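S.K.: Spelled out from the first residue to the last, the chains are:
2 protein chains.
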Amino acid sequence: MTTTQALLDSLLEHKSAINLATTGQKNQALEAMANQLEEQIDAILAANKLDMRAAKDSAISSVMLERLLLNEERVKDMAAGIRALIALPDPIGLVLEETTAANGMKISKRSIPFGLIGMIYESRPNVTSDVAALAIKSGNAVILRGGKEAFHSAQAIVTALKSGLSQAGIAPEVVELVQDTSRTSATELMTAKGKIDLLVPRGGAGLIHAVVENATVPVIETGTGICHVYVDKDADVAKALSIVVNAKTSRPSVCNSAEVLLVHEDIAKTFLPILEAHLAGQVELRADQPALSLFERAVPAGEDDFDTEFLDYILAVKVVKGVEEAVAHIGQHSTGHSEAIVTENDQAAHIFTQSVDSAAVYVNVSTRFTDGGQFGLGCELGISTQKMHARGPMGLREMTTYKYIITGDGQIRI
Amino acid sequence: MTTTQALLDSLLEHKSAINLATTGQKNQALEAMANQLEEQIDAILAANKLDMRAAKDSAISSVMLERLLLNEERVKDMAAGIRALIALPDPIGLVLEETTAANGMKISKRSIPFGLIGMIYESRPNVTSDVAALAIKSGNAVILRGGKEAFHSAQAIVTALKSGLSQAGIAPEVVELVQDTSRTSATELMTAKGKIDLLVPRGGAGLIHAVVENATVPVIETGTGICHVYVDKDADVAKALSIVVNAKTSRPSVCNSAEVLLVHEDIAKTFLPILEAHLAGQVELRADQPALSLFERAVPAGEDDFDTEFLDYILAVKVVKGVEEAVAHIGQHSTGHSEAIVTENDQAAHIFTQSVDSAAVYVNVSTRFTDGGQFGLGCELGISTQKMHARGPMGLREMTTYKYIITGDGQIRI
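Here the protein sequences come in this chain order: A and B. Residue numbering for the first sequence follows this note's numbering, beginning at 211 and increasing consecutively. Residue numbering for the second sequence follows this note's numbering, beginning at 211 and increasing consecutively.
Chain A extracted, bound-state conformation (with noise of 0.2 Å):
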C-alpha cells in the first residue's frame, strides 16, 4: 500500500505534466478516460459488486447502497460525463485581463489551473470520475479520498481512468485514490499544507463541518442545505403547490431539497390545507403555532425543527407576517443554499432577491435547480455555501486560479 505522503510527494512531482498541458492534450486524456471507463466495465462492475457485498453484510440503508451501486448504463453515463466536459471550453489560459502601463511594461492577468486538489468524499461512486475528469479539463493534479464503502469501486475507476491519461501520453500519476480509508488519510490531506492547493469536502454535515474545522489547506466548504420556500401573500396557489410539493418529494436526501416553508398568515388558511390533502401523509408536517392549527395532522415544530437539515420527507412549516419576517427567518436559519420565493408580486420577489443572502435564489421555481447539470457546467465539484472564491455549482471555472504576468524591457519603480 501507497502512503498517502508518498502519493502526495508523487503528485507533487508530477502535477506540472497536467498543470502544463495543452487544451489538445487534456481533451485527448479525456476521451481516452471515457473509453477505458466502457472497457474496463467488467473490472468495474466485479469490484462494485465487492463493495456492495460488504455494504449489505454491515446492514447499511437502502438510499446507501441505491447510491453505491454501479450498473452498466451508470458506467456508461459516467463515461458520457467524462465526454460532455470535452465540448466545453478549456478555463486555463485565457487571458482575464491585460493592460499596459504608462512605463511601458505589460500586465497580463491569466487562469492557471489551482495545481492540486483534494476530494474528500462518500459512496457515490460517479464523484470519482466526474471529479478526476473535471480536474483533468481544468489543468489540475488530483488526490481523491472515498468513502471505505465504496473503495473497491473507486480503485477500479481510477484504474480505469489512469489507463486513459497513459493512452493519451499523460503522466497517470496526476490523478491517485488514497488507498488509507481510516480517518488518518482524511487528517493527512487536510494538513498537507503547501502541497494541496485547494481541498473539497463532499458528503454529510459532519464529514464536511469536520473538515472546514480542521483543515491547515484551503477549503470551500459545500453541500449543507437548509434550503427554504416562502409563499407569499401574493403567490399563485397551483405554483406555490408545485413548487413546494417538487422542493420536498422529488429527491429529499439532497441538498438542494426544501427543508422549511414559510407562508404568509394572508395566504396560509387557504394555502395550508391544500398542501397537506396534496403531500397526503407522505411528508410529516412540524409546524408553528399558527400553521398547526390549519393542519389536520401537523405535529408541533421542535426548538431544532427551523435549523435541521432533514434530508427526509419532513418539512418544518412556519407563518410569516411578510416577506420581510421571511427573508429575517432566512438570514438567522439559512445555510445559504438555496431558496425560493413564490409570488406574483414583482415587489417582493425583488425584496427577496435582493436581501436573501444565499447562493442561488428562485422566483417561482423549485430550490431543485440548484446543480452543475442544470446550470450548464458539466458535472460538478460540489456546491459551495460559502462566498470566497466561489458560490453555488462549481464546475471547471471554479477550478481555476489566476496569476499576473508582467513582461517589459527593464522598468523599475522610482
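I should point out that these hints are in silico values taken from the structure, not numbers from a laboratory.
Derived DEER-like restraints, expressed as beta-carbon distance ranges:
| no. | chain 1 | residue 1 | chain 2 | residue 2 | range |
| --- | --- | --- | --- | --- | --- |
| 1 | B | Ser460 | A | Gln215 | 40 to 48 Å |
| 2 | B | Asp287 | A | Thr310 | 21 to 29 Å |
| 3 | A | Glu276 | B | Leu230 | 42 to 50 Å |
Covered by chain B, per the in silico footprint, the following chain A stretches (three or more residues, Cβ under 8 Å):
| no. | segment |
| --- | --- |
| 4 | 446-453 |
| 5 | 560-573 |
| 6 | 583-589 |
Quick caveat: nothing in here was measured; it's all calculated off a predicted structure. Every residue gets a Cβ at the ideal spot worked out from N, C-alpha and C, and that includes glycine.
Dock chain B against the given chain A, drawing on the hints supplied.
M.R.: Using the frame of chain A, we list chain B on its own:
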C-alpha cells in the same frame, strides 16, 4: 467604550444600508467622506500628534514613526485617494453571466458585496481611509481594527468619514473602528463566524500568521513577500543591475522588495562583482559558497537566509545551474508573492512565467510594481499571497462575491 461585540451587532443591523446602496449613493458618500477628511484636518492632525508623542515616548523605530506621521499633505492624499475611487466602475450589480434554460427559467449570475468585511492592520493611518473607501465603493460594511499606536489618528479619520456618510444619507454605522486595541478584539473578529464575511489581516508576518491560524471566519492571507530575482545567463547585465538594485534598495521595508538573488553560474562571475560595486556597502550580501568567492565582502548565507523576509538592506545570493533550478528553488522557498527573471532569452522567460507559481511573475521588470495603485486598482485592500478567491493586489472586484438569481413561472425539476 462600545464593545467589539456591540459594534458587530450594530454593523449587522445596519449593513443593508450600504449592501443595497446604488452607485450614485455610494459615489456621493465617497465625495462627502473626502470633503470631511479635509474639513476635519485640524482634528485629525491633533489626534495624530497624540499618537506621535506616545510613539516617541515608547522609543519606536524611526521607520514606524515615519509610517505613523500625518501632515496636511498626507491627509489631502487620503482624500484624493477616496476621490479616485469615484471614477472607477461600480463592481456591484454586474450581470456576470445570464442564460435561459430549456425549461424557460432564467439563470442570472450577479456580483454582490460580501456583506461585512473585517480588517486587522497596524500603524499606517491611510489604511483606515483607503479600506473604508474601498468598502463603501464595493457596497460592504466594514469593521476596522488598527494598531494601538495609531488609535487616535484612526479614530479621528473614522469620525470624519462617518460625518461624510451621514451627510450623504447613508447610516454612519456601516463603518466602525474597534475601540479595544488589545489582543482580545482581534480574537473576537477572527471568531465572529456568521457575522464577518471576509477578514483581511495586513501587516507583519506575525500578525498575518496569527490570523490565518486562528480565524474561523473566511480569511485572505496577505503580504508576506520573500521575493526572488533570477538573473539568467542570457540577461542584459545593465537591466539586471538596475532591476536588482531597484528591487532590493528602493524601499526594503515593503513586501514587494526582493530578498533573494538567484544568478546563473555562467553569468555570476561577470555580474556579481559589478553588483557588489553598485550596492557599495549599502546592502549586506549573504552568499552561498559559489557566490561567496565572487564577492569581496559578503558573508556566508546561513540556513534560514533563503527563507527570511528581511525587510532590510540584506540580500541572500545563490548561484544556480539554470532556469529549472531557479524555478525549483523558488517553488521551495517563495511565499508566492512576486518573482522576476532577467533574460533576453524567450524560452527561459517562458519556462519561468509558466512554472513559477506566484501571484506576480515579472520578465525584465522589478518586483516592486506589485501594488494596487500600479496595477490600476486605485488603492488596495492588501496583496493576496493565496490562490483561493484573489491573488496579488486586491481592489474593488476582490471585495465582491456573487449569487445566482433564478426567475421563472413555476418550473419544477422532474
